[in-house]
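Undergrad: Protein chains in written order, with the working numbering: chain A, 7 to 139; chain B, 74 to 138.
No lab work stands behind these hints, which were simulated from the structure alone.
Hints are supplied without guarantee of correctness; some may be wrong.
[Stated by the list, open to error] No farther apart than 25 Å at their CA atoms in a straight line, the calculated lysine to any residue pairs in the SDA-like style are these:
#  : chain 1 : residue 1 : chain 2 : residue 2
1  : A       : Lys19     : B       : Arg100
2  : B       : Lys75     : A       : Ile69
3  : A       : Lys19     : B       : Lys75
4  : A       : Lys19     : B       : Gly90
5  : A       : Lys19     : B       : Met96
6  : A       : Lys19     : A       : Ile69
7  : A       : Lys19     : B       : Asp134
8  : B       : Lys75     : B       : Gln91
9  : A       : Lys19     : B       : Gln85
10 : A       : Lys19     : B       : Glu94
11 : A       : Lys19     : B       : Val129
12 : A       : Lys19     : B       : Asp135
13 : A       : Lys19     : B       : Pro128
14 : B       : Lys75     : B       : Asp134
15 : B       : Lys75     : A       : Glu79
16 : B       : Lys75     : B       : Glu130
17 : B       : Lys75     : B       : Val129
18 : B       : Lys75     : A       : Ala82
19 : B       : Lys75     : A       : Ile84
20 : B       : Lys75     : B       : Gln85
21 : A       : Lys19     : B       : Gly97
22 : A       : Lys19     : B       : Glu130
[Said to hold, decoys possible] Some chain A residues judged to face chain B by a derived CB distance under 8 Å, without partners named:
#  : residue
23 : Glu67
24 : Asp75
25 : Gly76
26 : Asp78
27 : Arg80
[As the list claims (entries may be wrong)] Restraint ranges, calculated between C-beta atoms of paired labels, are given here:
#  : chain 1 : residue 1 : chain 2 : residue 2 : range
28 : A       : Leu39     : B       : Gly90     : 15 to 23 Å
29 : A       : Phe59     : B       : Ser105    : 37 to 45 Å
30 : B       : Leu115    : A       : Gly64     : 39 to 47 Å
31 : B       : Pro116    : A       : Ala129    : 29 to 37 Å
32 : A       : Arg136    : B       : Arg110    : 47 to 55 Å
33 : B       : Asn108    : A       : Trp119    : 39 to 47 Å
34 : B       : Leu115    : A       : Val91     : 21 to 29 Å
35 : A       : Gly64     : B       : Arg110    : 21 to 29 Å
36 : A       : Leu96     : B       : Ser105    : 47 to 55 Å
Positions of the beta carbon are idealized from the N, C-alpha and C atoms, including for glycine.
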Amino acid sequence: MIKERSQALARSKWFLPSFSLALGVVILAVSWLGGSPGEGWISLGFLAAFGLFILLAGRSETIRGLRGDGRDERFAQIDLRATAVSGLVLIVTLIVAWLVEIAQGHSGNPYGWLLATGGAAYALAVAFFRWRG
Amino acid sequence: MKNRVRTLRLQQNLAQGQLAEAMGVSRQTINSIENERYTPSLPLAMALARFFGVPVEEMFDDQGT
Numbered sequence: 007m008i009k010e011r012s013q014a015l016a017r018s019k020w021f022l023p024s025f026s027l028a029l030g031v032v033i034l035a036v037s038w039l040g041g042s043p044g045e046g047w048i049s050l051g052f053l054a055a056f057g058l059f060i061l062l063a064g065r066s067e068t069i070r071g072l073r074g075d076g077r078d079e080r081f082a083q084i085d086l087r088a089t090a091v092s093g094l095v096l097i098v099t100l101i102v103a104w105l106v107e108i109a110q111g112h113s114g115n116p117y118g119w120l121l122a123t124g125g126a127a128y129a130l131a132v133a134f135f136r137w138r139g
Numbered sequence: 074m075k076n077r078v079r080t081l082r083l084q085q086n087l088a089q090g091q092l093a094e095a096m097g098v099s100r101q102t103i104n105s106i107e108n109e110r111y112t113p114s115l116p117l118a119m120a121l122a123r124f125f126g127v128p129v130e131e132m133f134d135d136q137g138t
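Next up, chain A with everything else stripped away, as it sits in the complex (with noise of 0.2 Å):
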């Protein structure tokens, strides 16, 4: 029911503008807190126009799948690639990032922390699909 629910939500064309607004207010209502609020609305304004964008952009199935109306299980297949290429790149990046801050003498934080995170994430992933089967 739940995660019916959730799929409902994810394929709806609302879903990434509400989402990149929602967002754009907790950058906003953050950097309030920390004192840079001109920052927040400069953010607040560009998610906002980035999830316009998306809602009124054309019928291209990138721009589609992007919102959520298009998804099917071809979609969702290349999400999944998009998002272990993604986090390749990531995980990359930081390896060098702590690699770098070593050689410069320095701790490594926070990409070793980072790092550390994300492997065990990836383990406790890992473990959690393997169980679930």
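Here the structure of chain A is known, so what remains is to put chain B in place on it, guided by the hints.
TA: Frame of chain A, contents of chain B only:
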């Protein structure tokens, strides 16, 4: 995976979009299946076979991949 989706679709005078709508997928997904760029999931393969009234193994050829 080699398949007869295009042949069966054309036999019924269906456009890719019509078949896609009947299957609940995008037109591009039907196009990718017909051009052997995408292997459908088992539920979709069974739905296609049921739609055209043929056994799955007659529609898809796993020996000819």
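Undergrad: Which constraints among the numbered hints does this structure fail? Numbers only, ascending.
TA: 2, 3, 7, 9, 11, 12, 13, 22, 24, 28, 29, 30, 32, 36
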